[in-house]
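Student: Residues per chain are reported as follows:
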Amino acid sequence: MRITLVFILLLSYSISAQNYNFGKISKEELEETSNPMDPDAVATYLYKNRNTFYEYNQEKGFQLITEIHERIKIYTSEGFDYATKTINLYKSGSTKEKITNIKAVTYSLEGDKIESIKLKKNGVFKTELSKYYDQTKFTLPNLKPKSIVEYKYRISSPFIQNIDEFQFQHAIPIKKLEARFENPEYFNFKINTKGFLRVSPETTEGYGSIKFLNKSSSQSGFGNKSTNFSYSDVKYQKYEKKYNLTNVPALKLEPYVDNINNYRSAVKFELSYTKFPNSTIDYYTRTWEDVVKTIYESSNFGAELNKTRYFEEDITALIKGVSNPSKKIELIFNYVKSRLKWNGYHSKYTSGGVKKAYKDQVGNVAEINLMLTAMLRYAGLNANPVLVSTRSNGIPLFPTREGYNYIVTAVSLNNEPVLLDATNKFAMPNILPSKALNWKGRIIRKDGKSALINLYPSKKSKTIISMAVNLADEGDINGVIRTVKTGHSAMNYRQSYVPSNKEDYLERMENNYGGMEISDFEVKNDLDLSKPVMESFKFSKENQFEVINNQLYLSPMFFLTTKENPFKSNQRLFPVNFGHPQSNKYTISITIPEGYKVESLPKQKMLKLPQNMGSFKYHIASTPQSIQIVVNAEMNQAIVPSTYYDTLKQYFKTMIEAENEKIVLSK
Amino acid sequence: MMFRNMLTVAITFIAITTFSQENAHLSLSLDPALKKNANAVIRLNDIEITIEAQDKMNTKVKRIITVLNKQGNSKVNAYLHYDNTVKIKTLEALVYNAFGKEIKKIKKNSFNDVSAVDGGTLYSDSRLKYLEYTPVNYPYTIELNYETTSTSTAFLRPFAPLEGYYVSTENSTYKIISPSNIEIRKKEKNLNGYHLKKEGELHYTAKNLHAIKKETHSPLFVNFSPQVLFSASQFSLEGVSAAAATWTDFGKWMYNDLIKDAYDLSPETINTVKNLVAEENDPIEKAKKIYQYVQDKTRYISVQVGIGGWKPFNASEVDKLGYGDCKGLTNYTMALLKAVDVEANYSVVFSGSSQRDIEHDFASMQGNHVILSIPTNDDQTIWLECTSQKLPFGFIGDFTDNRDVLVVTPEGGIIKRTKKYETNESAQITKGQYTITEDGSISASMLVNSTGIQYDNKYYLETMDKTELQRHYKEHWSYVNNINMIKTDLKNNKTDIEFTEHIDFSASNYATVVGDRMLITLNATNRNTYTPNRYRHRKLPLKINRGFKDIDNIDITLPKGYKIEAMFQNKTIKTIFGEYKISLEQKDASTLSYKREFSINDGEFSKDDYQAFRDFYKEVAKHDNSKIALIKNN
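Chains as they are written, first to last, in our numbering: chain A, 1 to 667; chain B, 1001 to 1634.
The set of hints was computed from the structure by calculation and includes no laboratory data.
Treat the hints with care, since some could be wrong.
No farther apart than 30 Å at their CA atoms in a straight line, the calculated lysine-lysine pairs in the DSS-like style are these [as the list claims (entries may be wrong)]:
#1 B/K1274 - A/K120
#2 A/K359 - B/K1105
#3 B/K1105 - A/K603
Derived, one-sided and incomplete: chain A residues facing chain B with beta-carbon distance under 10 Å [what the hints assert, rightly or not]:
#4 M37
#5 A41
#6 K126
#7 E178
#8 R309
#9 E312
#10 G344
#11 S500
#12 N501
#13 E599
#14 E661
Please read these numbers as outputs of a predicted model, since none were measured by experiment.
Note that beta-carbon positions come from the ideal geometry of N, C-alpha and C, so glycine has one too.
Isolated chain B, as found in the complex:
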């Protein structure tokens, strides 16, 4: 997202050796096992990379894909990025019908040529050539042939014969030729159990890999699919050359060649921040003031040009413009901290809620985002997200939590794990009061306090206007009809990282009146309505990325003229995935006390545990609907 697209720099290819092409164009003869769960079948993906010199790499690709249905069209990947360092030498596409007859040939010039700027980027010099093709019938087969040259060798695309969910692979071959005696390192991942063959140190083939169906709550695809990662120990990136085979050396290179020079604050700015923290002695207190200063002064704007895709804007530039991308803003914050003698380090990470790790034992260009880390005496590293104007100091949320990242220090790179938000820390604690009246309507008043990852789910509410906020709560409690919002007071305590919602609402026809009886669902404001999907045959392990805990304490005032006919059974469910507890207690003739606790733990479990996990959620959903019956006093 904030680095330029890595594939851009790393697309590669080569000729086939003994493969019969005719068969690959025929879709009718496909092995049914390859069609199962597949929207497309990679008949052949043949990649040959030749590293002619530290700054010259050729990539040759022949790619034949049979598309089985509409969803499979996106797997064709008929697009190529190019820019100042990557040139497209040849490019053509051939389309075949189900009988293997060639029906169309598309030359390089007939590919559409567009700017590769996405919505979040102000400018990028990267461009894209893509094929626009409307299939007449399914299945059909496309063959893509292309050759690119690149002056960057920092990225060697991995051998990843399984390309994602719902796509199978009949044949995939991969070969790196390195006549220049440049050392190529590699790391094999998850190769067991697949038809893979090592033909040479840098030469792999794979055959008949079956498609995998996507399942909810499963590990990240890259963490279980077969891959071989490659990296050149001497490489070049947009004209900057480097030699690094370990994270220590890699980090040193990044620090010296990409980061160090970007530290160029003016004496005026240094003075300004020195004055800003003049009263503070504690480095953490200083850092808080600097972070606030950066948040007030800057915003996130992405501009990616040449080496600027990898190297931060100079600190002086960010200081002048008041904006930058993740690299620029992180470097700027680091520079300001340095000016007031607080040590901080540029840290490279894979962003996103899926918690992808930087490979801790394989040094190469990785990651797509940059954050800042501040070491502390008690070894509780503080992590700063420098692209946000909203996040509290030290809070990174689910965007970069709990994963291995590369911390770049002047002494070299170190792999560190970012903060994990534990189950008890990610809490939502609700204290509330419901009043039910004789006509079945409810009025509720609640104080909801959220921390940890649950804070992350809430703080954006602060940016909503009143109408949007009312709409949000009505949607949030969609199981309560006819809501009339009375109060929505929000408090964002950034010091303690706590978000408090004070909400009052009323709703007519909440309870069901049947003759002399009234049925009341006790949980009106925190029902679990989620049941994980059912799979007839679960294939992937169960992975819960983050835990959380909800505690609700609600006093319920009953309508006049009614007495309780039937209470409900208190319930406690304990599982390896979490706990659920509800209880009801009569405080006096007209008041009940309803208590609920629900927690889910993070962790990895076997695929056989999935059913029990789903059942737990189902049970919770069921008990969250528990009702009591009231009957009229005669």
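One chain only, chain A, in its complex shape:
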């Protein structure tokens, strides 16, 4: 947005950078061979400064200015990547972000002397990346291990509502970080802070002086018009937030983390309203209700949701004579799934619009699921869109419009919400694609009011495996196996099975099971989503038990045994995400070969995680002819907090030990 009012802002600010002036590199810094706080660090930000503020310009109105100054010590050649800087500049038509004042220097120690090499103009590369982004890239010359690189630049942006997140933690440590954000009273922001490392700003309120240029016209008599200019001083309030951090540790990735950005320390300034002199307040966002309102009122959301004409004829025909609401839902859901193909784009807003999507049979997430919602409403059901943040988008901790990037549909059935996502052919009622299972959704009702809604299924996804095993010679086994899957487990199965070439699928499966040989392979209900998917086959596999001294040693789950503990690290900072609640049940029957008897059986086992998070039961019994094993492993919740990490690791260890325990048969 552009401010047309004519006035001049005199901004005054100073960066407290006495010890960090550009080029003031010390010999000690250059001599340092590793970061004493983190000896493994390949590089360290010695100084990281960002200054973001508003500047008034007669021609362009307000501009958002961001000045960056960074000084990085590079310890080893693995850290060389930090000497290459990539800056993406957003653009929309001819409105563009611009970069200026690039200055970059490499410092190295040559004997006793500090050698500094400047980046030349022709070392800065500008590329038109796509319709929406330009890119500026440079890499520092003459780099060696132990070098220090330092650069600064200035970005001026006409997109004055969008303040890039201030990030306080990176993959390498930071020795000193200074960040500053200054806004005049005309722009009001909400501050959202996140991350494990808490930061709090030093806030200053002060006054600045605006030289105000007044323009007035006066008319006297007939056609005698004159324009008068006059200056007046107006005091305005300014707000300044300063962050000053020292020795920020590196943010390190751990396995099984959904999205590392959920844990990075950062501050986001979200514009909540603007109030310019002589004009009314323009609200942006402040609360979740405001966010929802903004999204709902967007022409690419609410208006699209209210369009019905394009499908009326088809839907009327589809549900003709059907009165059962559950049947209506099924018909409409399946209709949208088969008619529309998802084009791969996540969005809470439509792009080409629902009408075009319906006609072309292709659409983004918003088009497909808003259309689904509209059709359900048209059929007389209580359906509403639900805003979701996908896993890659992170957890929307604070009310921001960017917090959501996806839509699903909630429809009421017997006063219970049923969640639907028609972008995935194998999604089922209340079984959303895994990427959408993230935190909570926000349902928007017809009156624009919103509420949080649980996205995870209340029922566990089940995998039920029944296996009958015969022990053959020399450790080989053969038998039959039947697997039944429901919920997410069924969805995942169908996603990999249905589109595949069947012969390849079988070969891949054999190879995944370490060269097992499979015959009589059969899958049922792969396309009938209303029933559990069922797979059965005969198998034979070598080397599945030990024959020692006329005794047979076997782990009764054979190739289904969990062999590896997924949790190997000694400690963990972030929660563990299992994706969705699930239960796995194994019923195994082993025929005892002629002439053998049971020498010993493992003991029954029962394990429980605290807070009813999960349980493991292992039941074993035998007759002279056979051994029966029933194993039940349940995870009742998708996400386990890191405080339970040790417990969880121990639980898996005990579970694996139980599964690996041996039955001994003797002659």
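Using the hints, position chain B against chain A.
Tutor: Chain B only, in chain A's frame:
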């Protein structure tokens, strides 16, 4: 990777003669033989290249592809590179449904236009136009029509009617028109056994080529698929013209027009390196010092602009900036060596572990990477990878080993083979000790020494921090649970090119305790867990690119209070693919000595040998799980 994309400069096309287009848009009538193993079917790929002059080439393409499933979408190849030399004159795409009805038409301006810079490149002036299309149903058919002009004629795309795995070809035609009397040379490869027809010297057609399924341990696709390579004997590259019909002439041209001028070191730099090697007389010792100097001073950064996609940065520029791409860094190293009177030659290669050869008998622009070769008196050429700060002198690893490359000398180009790492040279030798305690836990202490290609698999460990290293070993020995790492000492001996790992760890519940008995898997730290994939009908020959040899000598201390109930049988397996040998010997009441040798040889074998090869790996996996049983003393 380090040359600009060759297709960029070489995309071409033309009109169809007597082909019925209507049928090509209909997917329902497809011959089932063409659908077998195929994700997409090339209904027609019609290419016509007109070389109007040494520096003017027109390419006209009509390409019709029926996509059978999701995996087939990538075969549409609906993208075109362009830059200062390649201009796109026309471009359109038409989409048809399974019944052959046109459902969408996409004009040139609706193609997305992006920079073709990939992740590894700082800057390139190459751009890309690509089509973004979401199929509504499968199968569907896309027709692409385009025409480009290029001022470069150095690359003539080959006639390669089979485009890769899982794609079949119904019709493919290819024609070069050369009204300017420029001589076009060609080389036919693997044409036997395919429905191919030579319609003229520079005019080929192919019909009904069935899709090939990808199989593990098979030869490189370009080494068995049909192709005809073409090259103009007079050509132009980004404004530089050349005449060359043999590797000798080609090499001369490259040397004189692309490389020679890039030698421009300052007198100061020449002095610096002369001083650096002042003490050395042996050229190899000099070269070692220079290589180290380059490794300390430079790093790999790729910048590709205009002729710079083919010609190295000047040595003085690399000297100033401290970075360059493979061409720049290789040329810089060569220049420094020349300054101290060591002969070295710029060498063009296809990089990557698949060992693709430069065609030894067909001179044309080939390769995607550059290395340096230093001739020696005993004819053991030394090869240098100049883009790495880590590799030891003379070590090229699997990135450029054992393949034909073009060595560019002032006297012309020569084809030479790079170093091959032999089975015995690529060794991993482990000396270790395990102690098993009464509760079944194990503590292990090992010294692992790796050379050759096995060094290549290990040296990167040096760059890991302690946490990453611990994670690496826990994953590496994933068949041992509850590992507690105690020591991970690494030594990278770059002089002898040996990597040594000293590792100590302990793990609880390693052995299985059943009543009075204990079962112990003897091999705790070097089990083969790999079994090559099973194929119901193996179609492609077996190719093993590299051999290796593992030797393990482990002393095992048994827990107190137990005696051996059952030992295992020593085992030796000899095959044409390699050997496996394990033995167990009781040293004293509580100590066993476990010895294991496992080697795989490189080589080419028939497809019928694949089953035996797979069985060998399976047997090894089985015996690596051999257990002994202990029983409590009463």
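Student: Evaluate each hint against the coordinates.
Tutor: Hints, verified against the model:
1. Taking the CA atoms of B/K1274 and A/K120, the gap is near 29 Å; set against the 30 Å cutoff, the hint holds.
2. Our distance criterion of 30 Å between C-alpha atoms is met by A/K359 and B/K1105, whose separation comes to about 15 Å.
3. Simply put, B/K1105 and A/K603 have alpha-carbon atoms about 69 Å apart, too far for the 30 Å limit, and the pair is violated.
4. The beta carbon of A/M37 comes no nearer than 14 Å to any beta carbon in chain B, farther than 10 Å, and the hint placing it at the interface is violated.
5. Hint on A/A41 holds. Least Cβ distance to chain B is approximately 8 Å, under the 10 Å limit.
6. Look at A/K126: its Cβ gets to within about 9 Å of chain B, closer than 10 Å, so that hint holds up.
7. A hinted interface residue such as A/E178 counts as satisfied when its beta carbon comes closer than 10 Å to some beta carbon of chain B; here the least separation is about 28 Å, so the hint is violated.
8. Here the hint on A/R309 is broken, as its CB sits about 22 Å from the closest CB of chain B, past 10 Å.
9. At about 22 Å, the closest approach between the beta carbon of A/E312 and any beta carbon in chain B exceeds 10 Å, and the interface hint on this residue is violated.
10. Because the beta carbon of A/G344 sits about 6 Å from the nearest beta carbon in chain B, less than 10 Å, this interface hint is met.
11. Checking A/S500 against chain B by beta carbon gives a least distance of about 9 Å; that is within 10 Å, so the hint holds.
12. Among the interface hints, the one on A/N501 holds; its C-beta lies about 8 Å from the nearest C-beta in chain B, closer than the 10 Å criterion.
13. Hint status for A/E599: holds, given a least beta-carbon distance of 8 Å to chain B, under 10 Å.
14. For the restraint placing A/E661 at the interface with chain B, the shortest Cβ-Cβ distance is roughly 7 Å, inside the 10 Å limit, so the hint holds.
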